[in-house]
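Participant: Sequence:
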Amino acid sequence: MNYRHGFHAGNHADVLKHLVLVALLDALKRKDAPFFVLDTHAGRGRYDLGGVQARRTGEARAGIQKLWDEPPAGPPALAAYLAALDAARADAPDTYPGSPLLVSKALRAQDRLVACELLPEESAALKALLASDPRCHVQQRDGYGAVKALLPPRDGNTRIGRALVLIDPPYEAQEGEYPLIVAALREGLERMPQAMFALWYPIKQRATLQPLMRKVAGLPIKSALAVELLVRPDDSPLRMNGSGMLLVNPPWQVEKAIEPALKPLARAMGDDGASWRLTWIKQETP
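For the sequence shown, position 234 (counting from the first letter as 1) is numbered 234 according to our numbering, and the numbering increases by one without interruption.
FYI, nobody ran anything at the bench for these hints, they're computed from the structure.
Hints may contain errors.
[What the hints assert, rightly or not] Using 20 angstroms as the maximum straight-line C-alpha spacing, the simulated EDC-like pairs for lysine to aspartate or glutamate come out as follows:
| no. | residue 1 | residue 2 |
| --- | --- | --- |
| 1 | 282 | 255 |
| 2 | 105 | 142 |
| 3 | 148 | 177 |
| 4 | 105 | 32 |
| 5 | 127 | 48 |
| 6 | 204 | 234 |
| 7 | 282 | 187 |
| 8 | 66 | 26 |
| 9 | 105 | 26 |
| 10 | 204 | 255 |
| 11 | 127 | 172 |
Construct the entire structure; sequences and hints are all you get.
Facilitator: Given below as structure tokens:
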């Protein structure tokens, strides 16, 4: 695997992914009961926006930098996301936080994170970043295998009844990743049916995603919601025109928190033809 997220940190896909992640964490924290987060493809946790990789692509300048330069007013979910970034960057303002760092800042004393990263260099950097936080554990391993190994989660001898699994693979061979994703979702649901799963996926041409969506809808789930942001029309298979977050077993009414933030994101980061949408792939009936 050759993927390095440093080239893409802070781009429009990160903005959508992390805004949704912060909204999910906020929903989990509404109850006092502990929760567990499994980040299957965690990366190094923090990315230098002034570094060689970020400067080579300039993706952050067309992504998060647009929001930092002119922060959009309005939706609470967007304000919460930007506040979470500020908290994670307080001691390193020229960086962009990855998902495990954002999660670590959101955890309460009773909550736990396991972050998996297969690449040795990235895993070592993440271990160093989170070393002082006893609530966080980093494992150098295949994240898909961790779904089977770590669900249902335990803290010592105590089972944790709530879990969020973030699946954010590199998609180096996009269609080859889909069977792994579906297998991991099926395994996770068998082991912990009430767990929440958040899958990030790239969008080149949306029609190519339909087989994945049909397979997910066929799993034993109560509900699944796709949250999508396109910064340009999905008319080219050669570039990432947008991305989505597929939420399996999402929190009640989380879509009402997320949807108002999508229009400001499209306006800030999108070209002509930018769009957004929320689609229920499967919806629980009353």
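Participant: All hints are to be evaluated individually against the structure, with a verdict given for each.
Facilitator: Here is how each hint holds up against the structure:
Among the hinted pairs, residue 282 with residue 255 is consistent with the structure: their alpha-carbon atoms are about 14 angstroms apart, no more than 20 angstroms. Distance restraint check for residue 105 and residue 142: the Cα-Cα separation of roughly 24 angstroms exceeds the 20 angstroms cut-off, and the hinted pair is therefore not satisfied. Between the alpha carbons of residue 148 and residue 177 the distance comes to roughly 17 angstroms, so the proposed pair stays at or under 20 angstroms and holds. A threshold of 20 angstroms between alpha carbons decides the hint, and for residue 105 with residue 32 the separation of about 17 angstroms falls inside it, so the pair holds.
Of the pairs offered as hints, the one joining residue 127 and residue 48 holds, with about 17 angstroms between alpha carbons and a cut-off of 20 angstroms not exceeded. Taking the CA atoms of residue 204 and residue 234, the gap is about 6 angstroms. The hint holds against a cut of 20 angstroms. This hinted pair checks out: residue 282 and residue 187 have alpha carbons roughly 19 angstroms apart, not beyond 20 angstroms. The straight-line distance between the Cα atoms of residue 66 and residue 26 is roughly 24 angstroms, outside the 20 angstroms bound, and the hint therefore fails.
Simply put, residue 105 and residue 26 have alpha-carbon atoms about 12 angstroms apart, close enough for the 20 angstroms limit, and the pair holds. Distance restraint check for residue 204 and residue 255: the Cα-Cα separation of roughly 23 angstroms exceeds the 20 angstroms cut-off, and the hinted pair is therefore not satisfied. Proximity of residue 127 to residue 172 is assessed by CA-CA distance (about 24 angstroms); at most 20 angstroms being required, the pair is judged violated.
Violated hints, listed in ascending order, are 2, 8, 10, 11; each of the other numbered hints is respected by the structure.
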